[in-house]
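Residue numbers (our numbering), protein chains in the order written: chain A, 1 to 447; chain B, 1 to 134.
Hints listed in this document are in silico derivations from the structure and should not be mistaken for laboratory results.
Bear in mind the structure is a predicted one, so any value in this text is a computation, not a measurement.
Errors might be hidden in some of the hints.
What the hints assert, rightly or not - List of simulated lysine to aspartate or glutamate pairs, EDC-like, C-alpha gap at most 20 Å: (1) 88(A) with 100(A); (2) 343(A) with 100(A); (3) 407(A) with 19(B); (4) 10(B) with 384(A); (5) 60(B) with 384(A).
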Amino acid sequence: MAARHLIIGGGTAGLNAIRTIREEDGGASEITLVSAERPYSRMVLPYYLGASIAESHVYTATPASLAAWKVKAMLGRRAKSLDAAARKLTLADGSAVEYDDCLIATGSRAARPPTPGAEGPGVHCFWTLEEARAVIAGVQPGTKVVMVGAGFISFTILNAILARGASLTIVEVAPRILPRMVDEACARIVAGWLERHGVTLRVGATMTKIEEWKGKRKLSFKKGEPVLADIVIMATGIRTNLEWLEGSGIEVSAEPGGGILVDDHLRSSVKSVYAAGDVARGPNLLTGTLEVHAIEPTAQEHGRVVGANMAGRDLAYRGSLIMNIVEVCHLDVASFGQWDDPKADVFTATHADRSQYRKLLFRGGKLNGAMICGPAEEIWATNDVGMLKGLVYSGADLSRWKAHLKKHPFDIKPAYLATHTAGRLLPQTVLGRASQSPQLPHSVVVQ
Amino acid sequence: MQTGTYQPSKSVIRVSPFEGYTSYAPYTCTQCAEGWCMTACPVGAIRINAAGAKDVVDDKCVGCKLCTIACPYGTMFYDPDTTKAFKCNLCEGHPACAEACPTEAITFAEGETADWIGDFAAERTTRVLARETA
Numbered sequence: 001m002a003a004r005h006l007i008i009g010g011g012t013a014g015l016n017a018i019r020t021i022r023e024e025d026g027g028a029s030e031i032t033l034v035s036a037e038r039p040y041s042r043m044v045l046p047y048y049l050g051a052s053i054a055e056s057h058v059y060t061a062t063p064a065s066l067a068a069w070k071v072k073a074m075l076g077r078r079a080k081s082l083d084a085a086a087r088k089l090t091l092a093d094g095s096a097v098e099y100d101d102c103l104i105a106t107g108s109r110a111a112r113p114p115t116p117g118a119e120g121p122g123v124h125c126f127w128t129l130e131e132a133r134a135v136i137a138g139v140q141p142g143t144k145v146v147m148v149g150a151g152f153i154s155f156t157i158l159n160a161i162l163a164r165g166a167s168l169t170i171v172e173v174a175p176r177i178l179p180r181m182v183d184e185a186c187a188r189i190v191a192g193w194l195e196r197h198g199v200t201l202r203v204g205a206t207m208t209k210i211e212e213w214k215g216k217r218k219l220s221f222k223k224g225e226p227v228l229a230d231i232v233i234m235a236t237g238i239r240t241n242l243e244w245l246e247g248s249g250i251e252v253s254a255e256p257g258g259g260i261l262v263d264d265h266l267r268s269s270v271k272s273v274y275a276a277g278d279v280a281r282g283p284n285l286l287t288g289t290l291e292v293h294a295i296e297p298t299a300q301e302h303g304r305v306v307g308a309n310m311a312g313r314d315l316a317y318r319g320s321l322i323m324n325i326v327e328v329c330h331l332d333v334a335s336f337g338q339w340d341d342p343k344a345d346v347f348t349a350t351h352a353d354r355s356q357y358r359k360l361l362f363r364g365g366k367l368n369g370a371m372i373c374g375p376a377e378e379i380w381a382t383n384d385v386g387m388l389k390g391l392v393y394s395g396a397d398l399s400r401w402k403a404h405l406k407k408h409p410f411d412i413k414p415a416y417l418a419t420h421t422a423g424r425l426l427p428q429t430v431l432g433r434a435s436q437s438p439q440l441p442h443s444v445v446v447q
Numbered sequence: 001m002q003t004g005t006y007q008p009s010k011s012v013i014r015v016s017p018f019e020g021y022t023s024y025a026p027y028t029c030t031q032c033a034e035g036w037c038m039t040a041c042p043v044g045a046i047r048i049n050a051a052g053a054k055d056v057v058d059d060k061c062v063g064c065k066l067c068t069i070a071c072p073y074g075t076m077f078y079d080p081d082t083t084k085a086f087k088c089n090l091c092e093g094h095p096a097c098a099e100a101c102p103t104e105a106i107t108f109a110e111g112e113t114a115d116w117i118g119d120f121a122a123e124r125t126t127r128v129l130a131r132e133t134a
């Protein structure tokens, strides 16, 4: 068994791997963490922006907690190159770390479009803690914020911007909002809801430049009037941090989305090197094809599976399920699985006056994808969201229920219960054992 | 757990009606071995309490709702009033639902985690489905 584990990246995947190694080995191995930043949860940065939590709340580990987990933490240090054959990582400062096995979990960074002015003053991304601090400093009551991009990331910070008392305009190059999370019908409902809540939307808008104009930012477009902003937030997508692996011998996919190619144990082409989270091109639970799922739940599962395997378990991973949920102005929007499958049998229901939408996508008798939208306080319309996940995840046979669900797409619960979905899910665990509480395992000796 | 309000829509144990409201069965968190809500939480706000139940630590929960889509049983909820997630925590070992139930349909005892409602629901929905497809 490997005695020296190296974790590169202190995000969700890296920290879940560390915790799992310690759950498995009780502190017996050496763990080194190399992380460019002090570990924090990107997922909760929007709540820091919205001032509902303090900055101290975002951290997922401290130097003290890492010491208690018997982790040698090299924080603020950046990986520069990997010699996989020699099992050696070189850092940006020139120092080297040798290992028996390692995890690449270097995640993603925000990407800006090549538009002139997109790198200029007053134009921010919201991805890292440092970027969050800059946006917090720049968004005050009355600030006119223009956000470029109407995707998931943009929508996760929408409430926070409004909560700070700023006004918000969202511009999007695609003809509609949330193009990679929901379908057109759902996007229409969400867009109407946002406009009623004071958010200005401008879709199909190709930005040509951002420039300074009388102390403000002026955004120009191919068609239509320019837009003025006090601050611009670019939510125009992410890029995985993989460039530093060039020449490492680790195989990276040439397909769109890229990612390190991994096997069912999440090992790369070099068996002593694992990959997890945004940088890993791992199996899709429903299709088995290798895909990058740059979402929090995949980073968690990947990290835990890698941690168990690094600790000597022989654990195969079934694959990740793409899923997203976002709440904007108290409207819940969520999608699961193959929600845009063109070959699926699709059942939808819309209550436009109540901003409710439901979409079920079947392949044969199996629910392969789902979409849900509705006001958060209307519990009956949104509170079975977990059951939809359970039906998609378990691949329950809904053949007998398909005709019923076609007529009543909101009536998931009896179908879920009567097909013994809970019973089928109960023996299933990601690690082949019960999960532990997230606190420090008692077995780790606190130094 | 008790929300301190009289509002059935916020109950973490929910009764499903069957066959035109002639029979009923309660459904709540199974306290599953995976603990999908717990492993999904990005800030470690869901923990195992002394009663062995997965429990939300309110001070830590930011209300991101990730647990509500991670839980495949549909027993993880979000309260728009508190902006926190909430779920059955077995009332720290003294479940109020079991104490309140006048017919002992709900009892609290050590046992294997099980799908207690599947067979009942399958049987009680057979006629409805047959009628629909007839």
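Hint-by-hint comparison with the structure:
1. 88(A) with 100(A): holds, 9 Å
2. 343(A) with 100(A): violated, 45 Å
3. 407(A) with 19(B): holds, 18 Å
4. 10(B) with 384(A): Holds, at roughly 13 Å.
5. 60(B) with 384(A): Roughly 24 Å between the alpha carbons, so the hint for residue 60(B) and residue 384(A) is violated.
Going down the numbered hints, you'll see the structure goes against 2, 5, while the others check out.
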